[in-house]
Amino acid sequence: MKNIDPKAITVKKALCPFCSFGCEFGVVFNDFGITGVEYISKGSSGGRLCPRGSAAAMYLDHPRRLSTPMKKQKSLEWSKIVKELKKVVSNPKNVAVTFDRNITLEEYASIIGFCKNAGIDDISSTYFEPETNLRSFLPKAFSMTEVDDAQLVLLLGDPFNQAPMSSRAIIDWKLKDKKNELVVIDSINTHTAGFASRFMKVNVGTEPLLFFALAQEKIEGVDITKATGIESSVINDVSKAIKGVKKGLIFVCLPFAHTYDPRLYAEGLARLQSFSGMKVVPFVEFMGHKGNQNFASIIDKVKKKKIKYLLNFGELFPFYYPQMADDLRALNIYATATLKYDGYNALPVPLNLEKDGTIITTFGKKNLGGNIEPPSGTKSINEILSLLSDGRGKGEALRPPEKKVDVAERVRRLAEVSVTKKKNLRLVGEKVAYNFLGFFEGEALKMNPRDAAELGITVNDYASVTSKHGSVDLPVKLTEDVGKGIVAVPAETPSVKGLFEYLIDSGDNTINFIPTEVKICRKE
Amino acid sequence: MQKRIVLDLDLCCGCRSCEAACRVAFKGEARIRHGDIAGVAYLPLACKHCKQPLCLASCPVEAITRDENTGLVLRSANICIGCKSCAYACPFGVIDAPLVRHISQKCSLCVDREEGPRCVAACSSGALQWLSDEEIERHEIGMRMVSKDLFFRRKA
Ligand code: SF4
Ligand code: SF4
Ligand code: SF4
Ligand code: SF4
Numbered sequence: 001m002k003n004i005d006p007k008a009i010t011v012k013k014a015l016c017p018f019c020s021f022g023c024e025f026g027v028v029f030n031d032f033g034i035t036g037v038e039y040i041s042k043g044s045s046g047g048r049l050c051p052r053g054s055a056a057a058m059y060l061d062h063p064r065r066l067s068t069p070m071k072k073q074k075s076l077e078w079s080k081i082v083k084e085l086k087k088v089v090s091n092p093k094n095v096a097v098t099f100d101r102n103i104t105l106e107e108y109a110s111i112i113g114f115c116k117n118a119g120i121d122d123i124s125s126t127y128f129e130p131e132t133n134l135r136s137f138l139p140k141a142f143s144m145t146e147v148d149d150a151q152l153v154l155l156l157g158d159p160f161n162q163a164p165m166s167s168r169a170i171i172d173w174k175l176k177d178k179k180n181e182l183v184v185i186d187s188i189n190t191h192t193a194g195f196a197s198r199f200m201k202v203n204v205g206t207e208p209l210l211f212f213a214l215a216q217e218k219i220e221g222v223d224i225t226k227a228t229g230i231e232s233s234v235i236n237d238v239s240k241a242i243k244g245v246k247k248g249l250i251f252v253c254l255p256f257a258h259t260y261d262p263r264l265y266a267e268g269l270a271r272l273q274s275f276s277g278m279k280v281v282p283f284v285e286f287m288g289h290k291g292n293q294n295f296a297s298i299i300d301k302v303k304k305k306k307i308k309y310l311l312n313f314g315e316l317f318p319f320y321y322p323q324m325a326d327d328l329r330a331l332n333i334y335a336t337a338t339l340k341y342d343g344y345n346a347l348p349v350p351l352n353l354e355k356d357g358t359i360i361t362t363f364g365k366k367n368l369g370g371n372i373e374p375p376s377g378t379k380s381i382n383e384i385l386s387l388l389s390d391g392r393g394k395g396e397a398l399r400p401p402e403k404k405v406d407v408a409e410r411v412r413r414l415a416e417v418s419v420t421k422k423k424n425l426r427l428v429g430e431k432v433a434y435n436f437l438g439f440f441e442g443e444a445l446k447m448n449p450r451d452a453a454e455l456g457i458t459v460n461d462y463a464s465v466t467s468k469h470g471s472v473d474l475p476v477k478l479t480e481d482v483g484k485g486i487v488a489v490p491a492e493t494p495s496v497k498g499l500f501e502y503l504i505d506s507g508d509n510t511i512n513f514i515p516t517e518v519k520i521c522r523k524e
Numbered sequence: 001m002q003k004r005i006v007l008d009l010d011l012c013c014g015c016r017s018c019e020a021a022c023r024v025a026f027k028g029e030a031r032i033r034h035g036d037i038a039g040v041a042y043l044p045l046a047c048k049h050c051k052q053p054l055c056l057a058s059c060p061v062e063a064i065t066r067d068e069n070t071g072l073v074l075r076s077a078n079i080c081i082g083c084k085s086c087a088y089a090c091p092f093g094v095i096d097a098p099l100v101r102h103i104s105q106k107c108s109l110c111v112d113r114e115e116g117p118r119c120v121a122a123c124s125s126g127a128l129q130w131l132s133d134e135e136i137e138r139h140e141i142g143m144r145m146v147s148k149d150l151f152f153r154r155k156a
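Here the protein sequences line up with chains A and B, keeping their order.
For the first sequence, our numbering gives the first residue as 1, with consecutive numbering after it.
For the second sequence, our numbering gives the first residue as 1, with consecutive numbering after it.
Think of the hints as simulated: they come from the structure by calculation, not from any bench.
Incorrect hints may have been included.
[Said to hold, decoys possible] Computed list of chain A residues with no C-beta within reach of chain B, every gap over 12 Å: (1) ARG48; (2) ARG52; (3) SER54; (4) ALA56; (5) GLU146; (6) ASP158; (7) MET165; (8) LYS226; (9) ASP327; (10) ASP342; (11) PHE363; (12) LYS404; (13) GLU441; (14) ASN509.
[Claimed, not checked] A partial selection of chain A residues facing chain B, derived with a Cβ cut-off under 10 Å: (15) VAL37; (16) SER45; (17) MET58; (18) LEU138; (19) PHE142; (20) SER167; (21) GLU383.
[To be verified] Computed beta-carbon distance windows for the label pairs: (22) B:GLU115 to A:LYS80: 26 to 34 Å; (23) A:GLU402 to B:GLU114: 28 to 36 Å; (24) B:ASN78 to A:LYS13: 28 to 36 Å; (25) B:GLU114 to A:LYS13: 15 to 23 Å; (26) A:THR479 to B:LEU72: 56 to 64 Å; (27) B:GLU114 to A:ASP31: 15 to 23 Å; (28) B:GLY35 to A:ASP326: 38 to 46 Å; (29) B:GLU114 to A:PHE32: 15 to 23 Å; (30) A:ASP31 to B:GLY71: 32 to 40 Å; (31) A:SER143 to B:ALA89: 26 to 34 Å; (32) A:ASP390 to B:GLU115: 49 to 57 Å.
Ideal Cβ positions, reconstructed from N, Cα and C, are used throughout, including at glycine.
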């Protein structure tokens with residue numbers, strides 16, 4: 001008989017892939033599998049982990065973890081789905097290849113190489129999060145200790161939720177010297193905003209307008225105070241402060257559907273950077289990779305029946321964007337996935353936590369380590385590509401054609417959107433670390449008490465939130481953190497993400513999810 | 001005397017990493033929770049391992065005991081009947097009344113972990129600290145308060 005040592009546990013080192021902070025931690029195993037995470041004091045965040053890092057243990061052996069290929073909601077053998085896919089890629093002109101989140105640099109190169117060898121010409125990103133617009137701001141090397149000798153820090157959005165590990169350095173710096181100025185710009189009053197020396201609460205989605213104004217750029221015919229809700233005296237004060245600062249930093253977080261024009265946001269940020277000389281550091285979940293075209297071009301070809309099949313590598317698409325179903329109806333989609341969702345042909349793949357390979361973080365490139373075994377039944381992207389083609393090779397990074405941004409036109413459009421009276425409430429996306437994929441706590445709707453009173457909604461009520469794409473019931477949190485006319489929700493699950501409207505940018509065919517009009521009723 | 005968990009509210013950024021760490025370690029039980037104090041402040045509510053614990057006094061089956069040497073107030077999972085008396089008795093409201101595993105969600109100060117509490121290890125801003133009585137004396141907890149509010153600071 002086997003003797004069981006009750007203390008027999010193993011801890012395997014992992015790199016958290018859930019945001020660009022790249023914290024290290026241990027995953028704890030006993031004879032029966034994963035039991036939790038361990039906080040390694042020598043790790044890059046000193047062992048500290050935000051709710052997403054701690055949730056890694058729940059993700060790795062989640063009850064909805066996908067471990068067999070699925071077709072029409074039924075399990076299927078790998079050999080059968082591979083046979084099907086081989087047939088699909090034998091006619092490469094009918095096929096588009098796309099990718100979204102959690103693809104290592106090596107996997108990206110393999111996918112591009114595979115397309116080249118297979119003769120697939122339509123390649124695109126399906127990672128539609130606005131943060132991909134911040135990619136060009138990634139510093140070559142960055143350390144949080146750079147905050148120590150700054151005089152002014154500008155926080156765009158809510159880094160204490162987007163990348164909570166940034167909080168320690170920023171709060172310590174703020175409390176160290178009364179002269180240290182922390183300016184926060186956001187449309188929602190967040191925990192981060194609570195630490196601000198000066199909080200500029202802008203009208204929803206108008207951050208880019210404020211960036212241009214702070215950079216002292218004249219915008220013909222646009223009333224910035226009216227559009228952003230920020231007094232011109234305040235804008236001038238802050239503008240002077242950032243211009244005169246010896247050392248300053250701008251930390252940026254841009255959540256899903258938080259602003260109307262992410263491209264203009266990036267453009268405004270670039271102006272702010274060159275005006276102030278401050279270093280810009282984005283905190284994101286994933287940087288995104290580029291294809292040779294943007295996704296709306298693929299939708300176009302689908303509509304013209306030129307593309308019939310789509311093979312997506314990643315874990316979000318198409319599951320997280322149900323509002324796109326109409327545009328994609330004519331497509332036969334095969335998508336890699338880590339959790340079970342209905343409706344598409346799904347191929348089970350390892351999580352980034354279980355991969356070896358390189359990812360880009362705020363602090364430079366890091367290796368994932370590959371210390372944790374993925375569930376049997378999953379196949380890595382490289383394995384899948386090898387099964388489909390003998391010579392997958394390595395491909396060079398791609399770039400879609402880029403069009404110059406017509407700043408004046410976009411500024412005017414954004415100003416107009418922000419001042420137009422809406423009949424309904426506006427739903428904005430926000431980032432809340434604790435809501436990560438709904439593992440700890442599902443999404444709750446933040447609502448201003450005055451709006452709630454008008455609709456007969458009180459504390460602890462549920463509300464149904466309806467957009468033109470669907471309806472979801474959510475618990476309501478009444479708070480002055482959101483202004484009247486605004487409701488906010490962390491977009492963490494497909495049902496909530498699916499409420500938001502998307503726009504195709506006619507300039508460059510990118511897809512942007514934007515703040516969306518919704519109707520809200522009290523749920524009995 | 002056992003070290004204790006001390007909160008420096010000046011530093012807490014409201015990320016709820018502490019709560020997540022506890023829930024992952026204890027099968028979904030949030031033995032430390034983020035409390036919303038009348039919409040004015042959000043702060044983690046941790047068990048104080050009181051000298052005269054009311055949770056212990058209220059327990060009808062003596063499932064909660066206090067170790068005089070370490071000062072730890074512990075709940076025995078085998079004895080607890082899940083009646084929630086302790087949850088209502090605790091003057092600090094740190095025991096969550098809804099049950100996750102049919103027993104009360106009582107903090108054990110992570111006695112099973114040599115390095116100390118997981119909530120402290122995970123805390124992103126360093127607001128939760130694991131200190132001995134002497135360290136608490138020396139430490140300037142809460143001394144940097146920059147309150148904008150009469151009672152709680154940091155409400156823009
Ligand atoms: S801050 Fe980012 S990298 Fe660190 S634990 Fe949280 S999600 Fe993971
Ligand atoms: S649960 Fe409450 S009463 Fe009991 S020891 Fe903790 S703080 Fe004291
Ligand atoms: S000390 Fe351990 S059991 Fe107690 S609240 Fe913290 S993590 Fe939970
Ligand atoms: S982990 Fe630390 S900073 Fe975050 S909520 Fe808990 S005590 Fe506050």
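Evaluated hints:
Against the 12 Å criterion, ARG48 of chain A falls within the reach of chain B, whose nearest CB is about 5 Å from its own CB. The Cβ of ARG52 of chain A does not lie farther than 12 Å from every Cβ of chain B; its closest approach is about 8 Å, which violates its non-interface assignment. Not every CB of chain B lies more than 12 Å from the CB of SER54 of chain A, the least distance being 4 Å, so the non-interface label is violated. A beta-carbon of chain B comes within 12 Å of the beta-carbon of ALA56 of chain A; the shortest separation is about 9 Å.
Even its closest Cβ contact with chain B, about 18 Å, leaves GLU146 of chain A beyond 12 Å, as expected for a residue assigned away from the interface. Chain B draws ASP158 of chain A into its interface by the beta-carbon criterion, the shortest separation being 10 Å against a cut-off of 12 Å. Listed as a non-interface residue, MET165 of chain A fails to keep its Cβ farther than 12 Å from every Cβ of chain B; the least gap is roughly 5 Å. Against chain B, the non-interface label of LYS226 of chain A holds: every CB pair exceeds 12 Å, the least being about 22 Å.
The Cβ of ASP327 of chain A sits about 36 Å from the closest Cβ of chain B, beyond the 12 Å cut-off, so the non-interface label holds. No Cβ of chain B comes within 12 Å of the Cβ of ASP342 of chain A; the nearest lies about 26 Å off, and the non-interface call holds. Separation of PHE363 of chain A from chain B is adequate, the least Cβ-Cβ distance of about 16 Å exceeding the 12 Å criterion. The Cβ of LYS404 of chain A sits about 37 Å from the closest Cβ of chain B, beyond the 12 Å cut-off, so the non-interface label holds.
Here GLU441 of chain A does not stay apart from chain B, with its beta-carbon only about 9 Å from theirs, under the 12 Å limit. Every CB of chain B lies more than 12 Å from the CB of ASN509 of chain A, the least distance being 37 Å, so the non-interface label holds. Hint status for VAL37 of chain A: holds, given a least beta-carbon distance of 6 Å to chain B, under 10 Å. Checking SER45 of chain A against chain B: minimum C-beta separation of about 8 Å stays under 10 Å; hint holds.
Checking MET58 of chain A against chain B by beta carbon gives a least distance of about 6 Å; that is within 10 Å, so the hint holds. For the restraint placing LEU138 of chain A at the interface with chain B, the shortest Cβ-Cβ distance is roughly 22 Å, beyond the 10 Å limit, so the hint is violated. A distance limit of 10 Å between C-beta atoms decides the matter here; for PHE142 of chain A the minimum to chain B is near 18 Å, and the interface restraint is violated. Satisfaction of the interface hint for SER167 of chain A is found here, the shortest Cβ-Cβ separation to chain B being roughly 4 Å, below the 10 Å cut-off.
Interface restraint check for GLU383 of chain A: the shortest CB-CB distance to chain B comes to about 30 Å, outside 10 Å, so the restraint is violated. GLU115 of chain B and LYS80 of chain A have their C-beta atoms about 49 Å apart, which leaves the hinted 26 to 34 Å range violated. Restraint check, GLU402 of chain A to GLU114 of chain B: a C-beta distance of roughly 55 Å breaks the suggested window 28 to 36 Å. At about 35 Å, the beta-carbon gap between ASN78 of chain B and LYS13 of chain A stays in the expected band of 28 to 36 Å.
A beta carbon spacing of about 18 Å between GLU114 of chain B and LYS13 of chain A agrees with the range 15 to 23 Å that was offered as a hint. Remark: the range hint 56 to 64 Å for THR479 of chain A to LEU72 of chain B is contradicted by a beta-carbon distance near 37 Å. Between GLU114 of chain B and ASP31 of chain A the CB atoms are about 21 Å apart, so this pair conforms to the stated range of 15 to 23 Å. Our hint of 38 to 46 Å for GLY35 of chain B and ASP326 of chain A holds, since their Cβ atoms are close to 44 Å apart.
Checking the proposed 15 to 23 Å range against GLU114 of chain B and PHE32 of chain A shows it holds: the Cβ atoms sit about 22 Å from each other. The given range of 32 to 40 Å is respected by ASP31 of chain A and GLY71 of chain B, whose C-beta atoms sit roughly 34 Å from each other. Between SER143 of chain A and ALA89 of chain B, the C-beta spacing of about 48 Å breaks the proposed range 26 to 34 Å. Checked against the hint of 49 to 57 Å, the C-beta distance between ASP390 of chain A and GLU115 of chain B comes to roughly 50 Å, which is consistent with it.
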